[in-house]
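With chain E's structure known, arrange chain Y on it following the hints.
Chain by chain, the residues:
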Amino acid sequence: MQMNPLQKQGVGDFRYYVGISSLAQIATRDDRVCVLNILGAESSEVTPVGHAWSGGNVVFGTAPGKGGQALATAAGDIPVYNNVRDGLQAGHRFNCGVVYLPPAAARDGVAELIRVNPQLKKVFIVTEKIAVHDAREIRAMGQQAGVDIFGANGLGVADAWNRVRIGGALGGDAPGDTLRPGSIAIFSNSGGFSTTIAQYLRMSGWGTTTVISSGKDVYIHYAAPEFAFALANDARSKAAVLYCEPGGTYELDARFTKPVVACVVGRWKSRLTRAVGHAGAMAGCEDDARAKERWFMDKFGVDGIFTPDEPRFSARGALVTNIAHIPGALMAVMRANATLPDFEPEGSLVLKPWFASDAGLALPASLALQVVAPAAPYGAQVEQVNRQVGGILPRQAMKDASGASQMDAQTQLGSLYGVSMLQAATLAFESLVKLALLHEVGDENDRRLVATAVAAHVNLHGTPALAAAQAAREAGNAPNAVIAAAVAIIGPRCQQGARDAARLLIDRFAAAGLKDPVDEHFDLGKVEILGCEGLVGAAPDARAQALLAALDARGAKSVLLRWLRALPGHPTANAVLAATTTTLAWTPLMAKRVSRLTAESLPWWMALFGTLIGASAPGTRHHDGHFCGFDDAQLLGRCSLAETAFAALIGLPPVDDDLFVFQTLFGLLLTNGPGAISAQGAKGAVSADGPEAAQRVQLNKALVGFLTHTGYAHGGNGYEGIAFLNEQFRDTRLADPGDPEHGIDLAALAWRTAQRYASYKAERRSIGSTDIAKLPGVNHPVFKDKPVNHDPREVFIAQLFEQRGEHNVFHAFYRALVQALFDAGVSRNVYCVNVDAVIASLLLKMLWKRLRHGEVAERDLETAAFTIFLYPRMLGCAAEIDDHLNRGRNMDTRTPASSCRFVA
Amino acid sequence: MQITGMFHGARLLQFVGFPATEVLGPGASEEEIKSLIDRHGQVFVKPMFKGGIGQKGKAGLLGRASDLRTALAEKERLYFAEHAVGHQRAKANGVTFEAGVPARHEVYFSITDSTRFRAPTMTLTHRGGIDIEEVERRDLAVVPFDPLTGLKAFVVANALSEIGAPREIISPLVQQLPKLWELFHDFGMTTLELNPIRLREDAKGRLLPVACDFKCGFDRDDPRWARLGLPAHLFTADHSDFEQEINQLRTHQGQSDVYVVNDAGTILAPTFGGGANSLVTEMLGDAAIISSDFGGNPPYEKMKEVARICFRHWLKQANVLFIIGGKSNNTDIHETLRAIADALREHVGLHGATPLYVVLGRGGPNLVRGMAALRDTCDQLGLPYRMFGFDSDISQVIAYAKQADAWMKAGGRAQLAAGLGLSETA
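Protein sequence lines, in the order shown, are assigned to chains E and Y.
Its first residue numbered 1, the first sequence is counted upward by one per residue in the working numbering.
Its first residue numbered 1, the second sequence is counted upward by one per residue in the working numbering.
Hints in this document: simulated from the structure, not taken from any laboratory.
All figures in this text were calculated on a predicted structure; none of them were measured in a lab.
Each residue gets a CB set at the ideal place from its N, CA and C atoms; glycine is no exception.
One or more of the hints may lead you astray.
[To be verified] List of simulated lysine-lysine pairs, DSS-like, C-alpha gap at most 30 Å:
id: 1; chain 1: Y; residue 1: LYS91; chain 2: Y; residue 2: LYS75
id: 2; chain 1: E; residue 1: LYS784; chain 2: E; residue 2: LYS701
id: 3; chain 1: Y; residue 1: LYS302; chain 2: E; residue 2: LYS66
id: 4; chain 1: Y; residue 1: LYS302; chain 2: E; residue 2: LYS129
id: 5; chain 1: Y; residue 1: LYS402; chain 2: E; residue 2: LYS592
[Claimed, not checked] Counterexamples of contact, computed for chain E against chain Y with all Cβ distances above 12 Å:
id: 6; residue: PRO653
id: 7; residue: LYS786
id: 8; residue: PHE822
Bound-form chain Y, shown alone:
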């Protein structure tokens, strides 16, 4: 859950009173844009992407204008710009007009939780405005600090003097930067980055830090970010319908983490436990439809609802229903398998039979009772199955599921369909 750009960033910074450059959104009128240019001389025109995607400047996705006509031309060029970095692809929907801030200094600032120090850590350099990786080490301050007392002014001051920052920026930064800790800590962020902060001279010659870009990430498990009143659609773009349905079931009583690996996949694998999730997703690759972790001892009703949603979206195309986890420590296997079996039976009752090879690999309390419940349902539905306990190597069980899928693809599915009295093309 990330936010990039000053359209929202400027508003968030207002919560803690940190100065930000003037920003207009995509709905700005021409009068407003002209006024902005008149007052500041130059505006930046930036495409608005959902989530976090970087390296826009390098990709030429940054517009500059000192007159209205250019500004509007840049708006047209960038409004629906497409951008790709690595595996990430994004399409913009709108532009912002951000006042250019003439500055003698550009500062990079970020806070994140560092696993090296096991503490919130500030990264600060007066050589801002460029990629952080390109800054020389001696110009970069990386400072962990105590979250119970927060980012104190003296910590900022010490850091700036250690890297030899110009003296005139120390006082303004020391006054303003600690506010950002409040934004970070009290509103559920896990990362916050302002690059650059420009120091602008006022009429009396004093320097004021002004944020000119904004990037932050939120912690899904922290309700504090709801205080910010951000529109929900900002975070739903990256979820499919299926993922959203399942995520609505998210409570601390058992996970319901899921994401779609391949919506044309053929193995539907409800998985239990983070470790199993990693291994299964790795080994199944694109044969898998989803990557999931439904562990944590979910109660019967929740597990059944999760299964029902999965089946509704994916069962028809699946060749293999692969229920897999390690030897559970506290999940009641009978409850979870009974819930899945009942959901399967009900789904078939509603939507009709479907050719499906069922594979189970699991261990834990009430294991045999759970297997029996699943077995009975498979017998009643006429489905083939193999059920493995914790005494079979889990990676071989995963390989078995893949083999079953391959066999189904090679004509097995048609055979099974015929046996079930369905007319199906393989």
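Next up, chain E with everything else stripped away, as it sits in the complex:
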């Protein structure tokens, strides 16, 4: 039935126009191409590759409004014009159009190509999701004009003999890798599989002639019947492989005169109740997968599907339903045609994992496949990627965001790397160091390593850092500024040697395959010594020896230290420090939970932590050879960091349960999330240095950022609580706050305090003042709406101490106080005793006796309260600094001007 008298006359006896008579004509070296929307995202990636591979077949492209630009390619620039007519007027000529326009514009693009260029012979439509409405009209336009159309929703065509690709990304970004000249033509409804099939054929010894990606829309403009015709007329092609999906009767009408392997996939689509892909025909035509299988079986004269177990085929062809069976089927069919493969098989498709991990499980042999190095160039890439040590996190804006800490809004509990503050309160300071930087609490051996490494930097006698701190102290600065002065001096150069050593150690031991850093049986011979000369010196290094002695005294173990000591020569102090910190980092580093940079920065961190602790003690306590009553050997080889910090803080050795209290305080104060001002200061300092060049971030300066962002209101406000308690108890005869028989009538004391406060409030109100000072340590913005309120952190600590059988009169006083406030009508319900009260109570308990005996002055209380906040918060902020460094973007903590306000 002749459709349209306007229709051009083509080749063959089709009901419609077909212009191409042989596959050799589909993509030739004479074809000249114009690409519509050439500067679009997809085309700008794909067109240069095809253009270069084809010897430069794109004469120009269009992009409305971007005329005058060019698309750079390895084969020269392709000029871009606003429209097709402009390109023709500039003198270019083409016979092929490629459409990369979005779906709504594709039809008009085809219209433009046809109307404006009388020499147009072929159009390749890459665009997907074109409306069927437009597809109808595209077809009709092509038919009227006598133009062959390929697609839509296709990846274009490629010809391996001519080395030409037109349209889309057939063959990927290196078509030559897949397309080798041979004797098989490929016609595929699937774009992706057109390349995959060519790959499979090549591996089994078959090359290709022409590869066509037809798309699988409702309208397939160049379909199986035309392909069969062109195949018959192409002398180069001896056979073809078709990949077909359900929908449409295309294959039914195809008449094949050469052997064909047909792969039909999609039986499951018959189960669908709505169309996926093709629209089913309502007028009763069966075109599902099984129907297509039958058509092909008829054409080939076979009674079943070809599988390796049951190879059914004829000289005319074979039907498969699994693309992996295509090569086998082709081999069988071609053998029946007395035809050998084009060349030697290039490889096999046997399962070969490029990356594998059993995650410590006992997998069966069928699953536990070993890694196989892939062929070039992938093998080298895999190797390079395997050499990467440590994890790499994606970068993003980290303003007010943290991967280290979180605050639970309901319980107000902070946590650091999953460890809540209450849990942290039961951990040693050394464990908190490891937690903050290496994301895990670690074990006893880790604590020994940390204690030594940090302690080595505490005694600042004779250093400029100490002089700076002392000068700041004498100028009346608060503890944070005093310490900041010292920390500011510990710049990058100070620890460069140790960090370089760490880098070297990581390289060497990673290459040697070290897994367990304390493995006594690790073969040290595996570690490459070449290039490690800088780790040792000719003469003994006193500091190194002191470190090693301390580590031995503590019984710390480390493969790296063992190796270092076995080297000829004397290890340097830098090398010992680096070996110590790298041992700490090893397990999380190898598990990729921390980055390499973090691991390499550890020596600097240890120096900073030690300096901070040391600088918190006045200059008079630093001596040559001893610090705060401990000699250096004790400091390095025996003291815990809590002991050291205590001594720095108080100037006296700890007694009884001092350390337990100290440790509890540390946990509670470790972090309050990234929103705390101290964290913001630390993060801002990192952001300003630019974490994207992480090597440049000055860790000491970031710690200064933390320090400057603490103050009398944030961090130093523990003093308020202490001052308040001190005032209430000053006139009592309290001797030992830990004695349950303290003899003080707490209820009466609390009542008096409540009364005093009530009258204070009344007085302020009567003079019309709204400025009423709050009682420190009671109430909380979150824990407030019940008849009797509790701060869960206070509850936890109270229970903790009760379990230990320890008593704290100040804490007990607070509990009495909140009841008294209610009884006196000051509060509407019973306030909670908040965590600040706990801190103040703990601290004052620690200091009371010394205060009473005159060993500590009242003015020292404020400094102590402030400093005791700084020690743990230093670790919490170190965690934020390290986190921001690894994950943040430059200047990401900035607030845009539009979010700022001017206030008159």
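Okay, now just chain Y, sitting in the frame of chain E:
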């Protein structure tokens, strides 16, 4: 996306002025129904199903009434009728009351895009009212025509005379049928079927074609059907919550086609490429939770959002996360795998660890970088994995994923859970 029945059909036909029988919907009052019966003598009572489901007449799901009481009885019988054809099941929600049209002729008419002719094709016969498959060939006209000029009157006339249709129906049909092309082409349809069109005599003895049934299908990719102002709920019935969420991400920048194969499945397989989708869905069968095609080079954010949605719905029950595609031509593998890896890490951060065996089969630009990103995340999360390149046969990779699933089911999952510090029953 299909519509069946005259409740909506009559309204759509109004857009092009094609006569339709009078129709009342499920909310019709008894007065209205009685009036309809009084004016037309007979009404058909038909259950309203969403989407397209056929063979209702044969299943006895067609009510006839010439009085109100029968009409109401039929309404009760058919209002929530259930019907099954092949794999399709449907439950009605409402009935229509359609005026019976006494007629001497019944005509079948449809337009669809024929892949044989590669053009819109009209199918027409004067032996309408029965199944089209049962009409004799010589009585059936199947006529392709040019979409640029449309269905012309002479095409209809020629077709009718070729099949020897009765002369008195030719002129009325020639006048009215071409209008249906406008409805079909301008409002995004891919199929339109009226069976039957009854030719009713008017007072002067002239015949008027009246549509008595209506079936059409719409093209998802054509925004034109939105012009019809059809209620959205008509098309959402066939999507699960999960499918709807993913489909909202549908843009032409990469597919996000997905449907749920088995909501009790154990292999979560985000798939890339239509070809891979076919093969994977076929081979995994009911082990698969979803059938998907996320190919087409989606940008990082979109891929991550898709992955996030998939994980939120399905990760907990999955034994295997199977990321699979052929050798991509233009999808940046690093981008897509990085997005999936990041979504996985974030999901675990929010919801906690889950025992999962990860299998990847892929090829394409930046392949090794992409694999490394996924590997790092799996290492960080403590998950076992195997990653295959394009040089492993894709169907063997699929078989491997199935084996991993089988092992997980046979106790592997419990082992892995223990290793991750989870207390889980297998």
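Structure-based check of all given hints:
1. Y:LYS91 with Y:LYS75: holds, 14 Å
2. E:LYS784 with E:LYS701: With a Cα-Cα distance of about 39 Å, the restraint between LYS784 of chain E and LYS701 of chain E is violated, given a limit of 30 Å.
3. Y:LYS302 with E:LYS66: Roughly 28 Å separates the two Cα atoms, so the pair holds.
4. Y:LYS302 with E:LYS129: holds, 18 Å
5. Y:LYS402 with E:LYS592: Satisfied, since the Cα-Cα distance of roughly 29 Å is no more than 30 Å.
6. PRO653: The assertion about PRO653 of chain E holds, with a minimum of 40 Å to chain Y.
7. LYS786: holds, 30 Å
8. PHE822: holds, 40 Å
In the structure shown, a violation is registered for the earlier hint numbered 2 alone.
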